[in-house]
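Chains W and Y, in that order, are what the protein sequence lines are. Just so we're on the same page, our numbering is the position in the first sequence counted from 1, plus 7. Just so we're on the same page, our numbering is the position in the second sequence counted from 1, plus 11.
Honestly, the hints are just simulated from the structure, not real lab data. Hints may be right or wrong, so weigh each one.
[To be verified] Which chain W residues face chain Y? A few, computed with CB under 7 angstroms, are given here:
# : residue
1 : ILE70
2 : PRO76
3 : ALA79
4 : ASP80
5 : TYR120
6 : ARG187
As the structure is a computational prediction, the values presented were derived from the model and not from experiment. Even for Gly, the Cβ is constructed at its ideal location relative to N, Cα and C.
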Amino acid sequence: MSTHARNVLAVLAPSALLALLCGCGAEESFLPPVLPRSTPVELPPPHEVACETATPPTPETLIWKRADPLAADVALALSLEPDTMCLELGVLPCVEAEHVALGGSDPLGTGLYTPPARPGLTTPNAVDRLVLAACAERVDRDATGPAVVLTETDLAAASLDPDDATTRAAMEADARSLHRRLLARDPSSDELTLLIDLARPADGLTPTAREWATLTCFAIGTRTDNLFF
Amino acid sequence: MERDAPIPPDAPARCARLLAMALALSASATGTAYARPSAPSILCETYPDAPQCSGSLGTCATCHTSTWPPAWNPYGAALIGAVGEGTFEHALPTALRSLDDADSDADGVANADELLLGTNPGDADDAWPWCAPTAPSGALPVAEGFDFERALRRVAIVYCGRQPTYDELQTFRAGAPSPEVQYERLHATVELCLGSRAWRVTGLRRLVDARIRPIGAVGADSPVDIVIGDYEWDYRLFRYVMTDDRDVRDLLLADYHVTESADGTLSRVEGLVTRRDTTGQPLEPERRAGMITTSWFFSINTMFSALPRTTAAQAYRAWLGMDIARQEGIDPVAGEPRDVDHRGVTEAQCAACHSTLDPLSYAFASFEGIRGPRTGAYDASRPSRLIPGWSAPDTYLLGEQVTDVRAWAERAVTTEAFARNLALMLFRDALGREPTPSELAELRVVWRALERDGWSANRMVHRIVDTRAFGGAS
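Using the sequences plus the hints, can you model the full thing?
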């Protein structure tokens, strides 16, 4: 497997996790006959629960970060406006258009009063769409105007050389900044190396600086620890 | 089947199910056996500490796989065999106790243990081997191993609508804080977030959507200009009561409505809200009962019904947490159902639910359904106008007779079901799932503290944040 392919897999793994978690439930109802109301009776003392030493089952420990907080976090992290960072057809905010797929409800529109219990089949696509659009928007703004988030890397460069100390330091600074902004923590050295390696040629293609910046932002923004809490 | 085929591990349970099916078929053929709607309340009298009986009533599914035609799970089948002489109601407690140490569904957990842990003793797939955790032993009301940073992140996302920033986390960690300091910082954040717009507007709306059940097409902003009511009154009232440490009993007792200014400030409105269209609140304050007497509540639930069973069922479901359509909260009243509107509800397959539902509904019949500007108004003559031979039968809620909807609400807020429902509502919202059996015991402490906490929803949120489920303690 090529380096590039491995990197893409690493980027998409959280989305795959979302897809695997999707499912649905079923309900039953009954219609019994009637009998008179019961009367209180004398009862023996209650039974004591026998306390076993068995390890209890582990409940679901992760919570799905749904539409509104996800959009708010991405927007805040990238200093963008939630309503404009990702637009469907250039008009409708993605977080509204994909609200149910992202885990929100739709009480006034479709009468969906309760949000989906689990991520659906299209949830990974909607998450990728939202984060990728926001990252692309941030990179565009930083490349063409005063940089706000990606302040160190030369975004006009046709490619980035991770083995050049100056270039690498700039890339690490921006990757660390994205990590802090999107995940509220510093990256480990392994995580940082993986992100820097996204700039290396793979399968005969060398990403531009803007492509590297967008992919780095996307990789961090779709990490499991940004989609669950 | 091959002669040497191994016996499947679930063979005993399967045999019991076959027995139950045979019993059901036999009973149906002779017409002598029924599901017993009085059984859930007897079970709860026998096991008052069972989770399904704490702030709720037992469900038929404890014994039944179907109540019409009746069919039993292995536990129900075993009970049939254990019921001795005398009436079913008097024999059942002894029969229940006689099966305490048995394991009817062969899942490795005794029947009584399952009932007291909150799993089904008749369902082998429903077991939760677990022991009650010891209470927090330190000065803090959180368990050992409570993850304060995880709790902080959850508080921020659920109640502030966003995760904490890198800098905010650094501040939280500043000075290598002790658990006591972290606890203080965590709860300061809870308090801050409960005052945020993300919670007071967005979060609380999301919390009550399924209880208000708005329909955009016929609301005040109807795109087709067909307005049957304005549910924004309902949303505002809910948001008002659930914030600023107000008394949550006003969810069912408020005799006022609430308006919102441009800056988001919510204020009480006393008296009638009279309008020429259908967006007002024509019900007199003395007859109001908070969320269950708004104009929208009657328009969407009563609609054109003479006897508004849906209205009562929704009040029971939304605010006491018991869904009659799911065989929850069955508490039959003797002599019911009377079938006052000749709907055939005395038929056996209808009567078990309607013996609870109909007496729950009578008091709601005096409130107008969809009727223009009069929607939700009180009219004592409405039932007799719509139901020939109306005799004003008594209304009952959870075993007590109530005189009217206001009394219905006053009775409702005194029940443990009301507090339980509120705690479950907030728990599900925070964690996105139902509590497990091991978490339910801790959650019970939360809802039983509601009165001590001044009936404040905010205080209840603080307590939920302290739970093992929220803080990630094992």
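Status of the hints after comparison with the structure:
1. ILE70: Holds, because the Cβ-Cβ distance from W/ILE70 to chain Y comes to roughly 5 angstroms (cut-off 7 angstroms).
2. PRO76: W/PRO76 check passes; min Cβ-Cβ to chain Y is 5 angstroms, inside 7 angstroms.
3. ALA79: 4 angstroms, holds
4. ASP80: 5 angstroms, holds
5. TYR120: Because about 4 angstroms separates W/TYR120 from the closest Cβ in chain Y, which is inside the 7 angstroms limit, the hint holds.
6. ARG187: Constraint on W/ARG187 satisfied, holds at 4 angstroms.
When the structure is compared with the earlier hints, no violation turns up for any of them.
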